[in-house]
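These protein sequences, in sequence, are chains A, B, C and D. Counted the way my numbering counts, the first sequence spans residues 187 to 487. Counted the way my numbering counts, the second sequence spans residues 187 to 487. Counted the way my numbering counts, the third sequence spans residues 128 to 378. Counted the way my numbering counts, the fourth sequence spans residues 128 to 378.
The set of hints was computed from the structure by calculation and includes no laboratory data. No residue lacks a Cβ here, since even glycine has one placed at the ideal position from N, Cα and C. Please note that a few of the clues may not be correct.
Subject to a maximum C-alpha distance of 20 angstroms in a straight line, what follows is the list of computed EDC-like cross-link-like pairs (lysine to aspartate or glutamate) [what the hints assert, rightly or not]:
hint, chain 1, residue 1, chain 2, residue 2
1, A, Lys-334, D, Glu-297
2, B, Lys-287, B, Asp-351
3, B, Lys-384, D, Asp-146
4, B, Lys-395, D, Asp-182
5, B, Lys-334, A, Glu-340
6, A, Lys-384, C, Asp-146
7, D, Lys-280, A, Asp-323
8, A, Lys-194, C, Asp-146
9, B, Lys-478, C, Asp-187
10, C, Lys-278, B, Asp-319
11, A, Lys-395, A, Glu-190
12, C, Lys-184, A, Glu-396
13, C, Lys-333, C, Asp-350
Here are some chain C residues pointing at chain B (derived, C-beta under 7 angstroms) [what the hints assert, rightly or not]:
hint, residue
14, Gly-179
15, Ser-199
16, Gly-206
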Amino acid sequence: MTYEVESKLMKAEEAIKKYVDDGSHIAMAGFAITRNSMALAHEIIRQRKRNLKVSMSIGDMALDIMVGSGAVNEVNYGGGSLDRLGPLVCVNKAIVEKKIKANEHSNFSMLMRFLGGALGLTFVPVKSMLYSDMVNDLMRKGEATEIKCPFTNEVYVALKTLNPDVALIHAQAADTDGNIYIYGPKFDIKEIVYASRKVIVSVEEIIPKERALRDLIFIPSYRVDAVVLAPFGAYPTNLYGYYYHDEEHIRSYAGLQCREDAVQKYVEEYITSVNTFEEFLKKTISSDKLLKLITLARRLM
Amino acid sequence: MTYEVESKLMKAEEAIKKYVDDGSHIAMAGFAITRNSMALAHEIIRQRKRNLKVSMSIGDMALDIMVGSGAVNEVNYGGGSLDRLGPLVCVNKAIVEKKIKANEHSNFSMLMRFLGGALGLTFVPVKSMLYSDMVNDLMRKGEATEIKCPFTNEVYVALKTLNPDVALIHAQAADTDGNIYIYGPKFDIKEIVYASRKVIVSVEEIIPKERALRDLIFIPSYRVDAVVLAPFGAYPTNLYGYYYHDEEHIRSYAGLQCREDAVQKYVEEYITSVNTFEEFLKKTISSDKLLKLITLARRLM
Amino acid sequence: MKYSKEELMVVTGAREIKDYDKVLVGIGLPMACAILAKLTHAPHSVIFFENGVVDPKSTDYGVGLADLKAWSGASYYTGTLEVMGYMLHGGKFDVGFVGVLEVDMYGNVNSTIVEVNGKPRHFTGSGGGNDIVSLARKIIVITRHEKRKIKEKVFYVTSPGYIGGRDRREVGLRGGDIVVITDMAVLKFNKNKGKMDVVSIHPGIKIEEVINNTGFPLEIPSDVPTTPEPTEHELKVLREKVPATLYSKSL
Amino acid sequence: MKYSKEELMVVTGAREIKDYDKVLVGIGLPMACAILAKLTHAPHSVIFFENGVVDPKSTDYGVGLADLKAWSGASYYTGTLEVMGYMLHGGKFDVGFVGVLEVDMYGNVNSTIVEVNGKPRHFTGSGGGNDIVSLARKIIVITRHEKRKIKEKVFYVTSPGYIGGRDRREVGLRGGDIVVITDMAVLKFNKNKGKMDVVSIHPGIKIEEVINNTGFPLEIPSDVPTTPEPTEHELKVLREKVPATLYSKSL
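Could you put the whole structure together from the sequences, leaning on the hints where they help?
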C-alpha cells in the first residue's frame, strides 16, 4: 500500500537541497529552547548555504547556530534567547559587530507581518512598536511607516508583510495522508506556514491516518511540500510531549560566547563532521540520557 | 463537588436577560442551515427585544426569524440563505421594503471586520468588495473607505472593525471547567468570540473535564460569560456529529414567504406560546424523528 | 456517445481544473465539475468550501454547503480565516466557482438583487462570491444562457468583472480571468473588444441561438470553435461516480 | 513576621493584580506575583505566557517560557495570535509584567542593548515586552534599584513609556500605567512632575538610599508612604505554595 505522505517524504538533505538556495528567505517557528528546527538547521549548515535571510518571532538556538556558522546575513526577529540557559550568543555578537543586518521587532509585530503575508495583504497596521527605537530603525530601512486609521485618525505603525521562500517547522507527527499534528502551544506556526511559499516539516513520527484525530490536524496536507522524518529533530531543545531539552548541551553551547574558534569547533564537531542528524544524535547523546529526557517530557504533558 | 462551569451556567432566559438589551449589537456564527443559535434566538424573540443590530458572516434561519419577528433593525451580513431549502425570506423582504438597515458584505469582509475587532484594530484592509455596489453602499454609510498601501500604493477597501456587545454561539459541548468544544468546520467562531464584549455559548452537553481532550478546546473558559445547556439548541438546523437538519420544518418555514400573518403565526405557535426551547422541541418534534436526525448525523461524521 | 447539456457543462468546467489546483466550490454543478476533475485528470486537486470543509467525499451532497451530507468524508475541517483568508485572499486558489443571478458584458456578477416584474427581489447576496471573483486565479461562472441572465449591465454589482472593459489587474483587482460556461457556449473576456466574447459554441448549437439569447451584442465568426465533446471516459466516470443530483436538472 | 526583600517585592507585585484579571507574565518574579495573587485575593485571575500557554500549575517552572516544566498543568494551549493578538492587542490584558535591562524617568524600557565598559552589548530584545508595555492596561516592571538600571535616559527604547512626559493615551499609545517595583521602592508616573516618581518606600529603606541609587533626580518628601508589609497569610502562602526558585536570588 502507498500512502499520500510518501510523495512528499524525503531526507533532510534532499528537502534542503530542493527548497533552500543561497539567499533564500527562511521562516522558522521555534521559541528559545523549544521546538527548534534543529535537524533542518544542521542540514542547512552542512550544505554551507550562504546569505540566508531568516524571519522568526522569537529567536532560538537553531537561528543562533545558523548565524554562528555564517549562513545568515539578515534577520527579522522579535528578540530571543536560550531562556536562562544563556543569550543568543552568536546573534547578539553579530548584531553588535554588524555582521548581519538585524531588523528588530516585538513578538506580535513579527506575527502580524506573517499574518499579513498569509492573508495576501501588502501591509498591516499595529499599535506595537510606536515610539520605539525598533520602529525608527525599521522606518529608516523602509520596512515600516506610520499610518492613520481612516475612520478614527488614530496613529498606527504600518508594517510590510512577509512572504518567506520557505518555512522550516518541527512538528510532533505527520499522518499517512501528510497532515501535520502540533501538540502543546502553537506559537505562530499557522501564520508562518500560510505566509511562506514552500513548507518543510520535520516530524518525530508518521502515524497511520486511522490512529489520528481529524479534529487535531494543525497543518493540512495540501500546505506541506516536504515531510522529513527526524526523530529527536529539535534536540538539544525540547518538544512538548516527546522530550525535555538537554540543559547541559545548551549551557555548554551558550558558554562558547560565540568566540569564533569555539563556534567553528562546535559546528565542525557536531554538524559538518557528520553526514546526517542521526549521526549527530548518535555521537552526542547516550541512550540513558535520551530516555531520561523522554520520560521527563511525558510526565510534564 | 462544584465545577468551574457552574458559576457561568444559566438558563437561556437568564443569559438573554443579563446580556442582551434593546438596541444591543449581537454577533452570531450560524451558517445557512447549520449551527444556528436557535435556542438563544427563540429566547430573544420571547423576551421581545427590539432594535437589535445583528452582525454575522453568513445569514441563517436564526437571523431570519429574528428579523421576521421584528426584533432587528440593522444587519451587517455577507449574504445568506437556507441553502436550497429556501431563501432568507424575512431578511430579503425586509431589505427590499427597507424595514431594516442592511449592510451587505462579502463573507470574508465580515470575517475581517470581526478579526480586526478581535485584534483591537480600528480598521482592516481587504481586496474584496472593490468596485462592487456593496462597497459603494458601505462607503456612503461611513463603514468603508478606500485606502492605499503605504508601501506599494495598491488600492484596498478599509473596513471599520466590529466589536459587538454579545456573541451568541451554539457549540457541541462545554467541559466542567467551562471550556468550549466545536467539532467540524469552525466558520468564524473564534474571531466573533474574541471581537465581542460578552459571549453566550449554548451547548448540547457538559462533559467532565477528564473526558475532554485539552488539545480540542476551541473557546477557552476565560472568554465565556454564560454557558446555556440547550440540547438540540440548533434545531431545526443541523449540528455536526449531533443531529441532521429537519428539512420538513425548514421548508415549511421558508414556504411562509415572510407573509406577515404567516410569520406572526409561526412565531406565536413555536416561540411565544411556549416558555422555553425545551417546550418548543417537545411540541414540534417526535422522538421518532429526533432519533432519525441524530442517527443520520452520527453516520455522516 | 450521447450526452446531456448538463453533462457537457460539467465536463467543460472540469477541464478548467488542472492537477494540483486548489478549487473553491459550492454545491451543484461546480461541485460536479470539481469531483469529475479529481476523478479524471486532476487527482491531486483539492476541493474547498468557504465554511472550512476540505475535500469531502460523499455520495450525496444534499442541499448545500451547510448540509452535513456535503461534509461527509472531509479530510480536514477548518474555518473561514484559513479558507477565505489564508487561501483565497492569500492568492492560493487556482480556481473558484461562483453562482450568479446575472452576469454582464464586462463579467460583472450579480447574485444579490434583480428586478422581477419591475419590482426588486432580493436573493442570497454575496456570501463568498465577491471574494472569489475578486481574488481567485481563475473564476468559473456556470449559468443558463438567457437574455435575462447574460446582460449588457447587471442590476447590481455583487462582484466586479473587467471594470470599464479594462484588465482586472490594472485597476487593482487580484482575481484572474472569468470563464462563463453556459448551456450553449463558453465565453471569456476579449481584451480587444473590451467585453465578454464567445470562445466556443457547444456542439449542435447555432450561432444565431447564442446571439439571440445573449443580452448584449455579440459578433461571432462562422468559424467559431466548437466546444470539445466529453470523452467516453469522462462520461463514464461522471455517470458512475459523480452524484447526478449535483448537476442533472440543476440549471 | 520577617521577610526578604524578594518576598516583599512578590507581595507588592501580587497586590497589583485584581480578581478576574487576565495577566501576562514571564518566568521569575512576575510568575511568583501572579501565582501568589491567584492563591490569595485573585482566585479567578488567569495567567498567560506570550507563547500560548494558559494557566500552568507547576511546582517547578524551570528556566523560562520555553521550558516544558513551566507549561505543566496548563488549562489551555493556544498560539501567539490568540494571546498577543486577540487578548493583548485586543485590549483584554489587565496586567502585563515585563523584564528590563533599564528603565528611565519617562518609563521608557530597554531590554535590548546596553553599554558595558563603553561597548554595546546586545541582550534578549523585545520579545513580547514592547507589546505588553504598548498595550496592557497596567504594566509592572520589577527591577533591582540601581543607578545603572533606573536612569535618566535609557540607551535604547525597546518599549515607550510616557513620551516626553506626556500622558500615554494622548500620544496614541494604548498601554496603561507603568508601575516600577524595585527592592527599595515603588515608582509610578507623576503627571505634574512629568516623570516617574516614588509612591512608596519599602520598610527599612531610607529616602537617601533611594535617591542615591536612582539615575535621575527624585524629590521625595519625608512623609512618603511606606510600602505595606506582607501579611502573615501572604507570606505563608508564598512560602508554602509558590516555588522559591521563581523569586529567591532572582534579582
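Taken at face value, is the distance from the CA of A/Asp-323 to the CA of D/Lys-280 at most 20 angstroms?
Given that 20 angstroms is the threshold and the Cα spacing comes to 18 angstroms, the pair holds.
For a C-alpha distance cap of 20 angstroms, please report whether B/Lys-395 and D/Asp-182 respect it.
holds (15 angstroms)
With 7 angstroms as the cut and Cβ atoms as the points, is C/Gly-206 at the interface with chain B?
Given a least distance of 3 angstroms, the restraint on C/Gly-206 holds.
Pair hint outcome, A/Lys-395 versus A/Glu-190 [Cα-Cα no greater than 20 angstroms]
holds (10 angstroms)
Can you confirm whether the C-alpha distance between B/Lys-287 and B/Asp-351 stays at or below 20 angstroms?
OK: B/Lys-287 and B/Asp-351 at ~18 angstroms, within 20 angstroms.
Holds or violated: B/Lys-334 with A/Glu-340, Cα cutoff 20 angstroms?
holds (16 angstroms)
Has the given pair, C/Lys-333 with C/Asp-350, been kept, meaning a C-alpha gap of at most 20 angstroms?
holds (12 angstroms)
Measure nothing beyond the straight line between the CA atoms of A/Lys-334 and D/Glu-297; if it is 20 angstroms or shorter, mark the hint as holding.
holds (15 angstroms)
Are the Cα atoms of A/Lys-384 and C/Asp-146 separated by 20 angstroms or less?
The hint holds at about 18 angstroms.
The hint names C/Ser-199 as touching chain B; please verify it with the least Cβ-Cβ distance against 7 angstroms.
holds (5 angstroms)
Taken at face value, is the distance from the CA of C/Asp-146 to the CA of A/Lys-194 at most 20 angstroms?
holds (16 angstroms)
Would the hint on C/Gly-179 stand, with a C-beta cut-off of 7 angstroms toward chain B?
holds (4 angstroms)
Against the hints set out earlier in the document, no violation occurs for any number.
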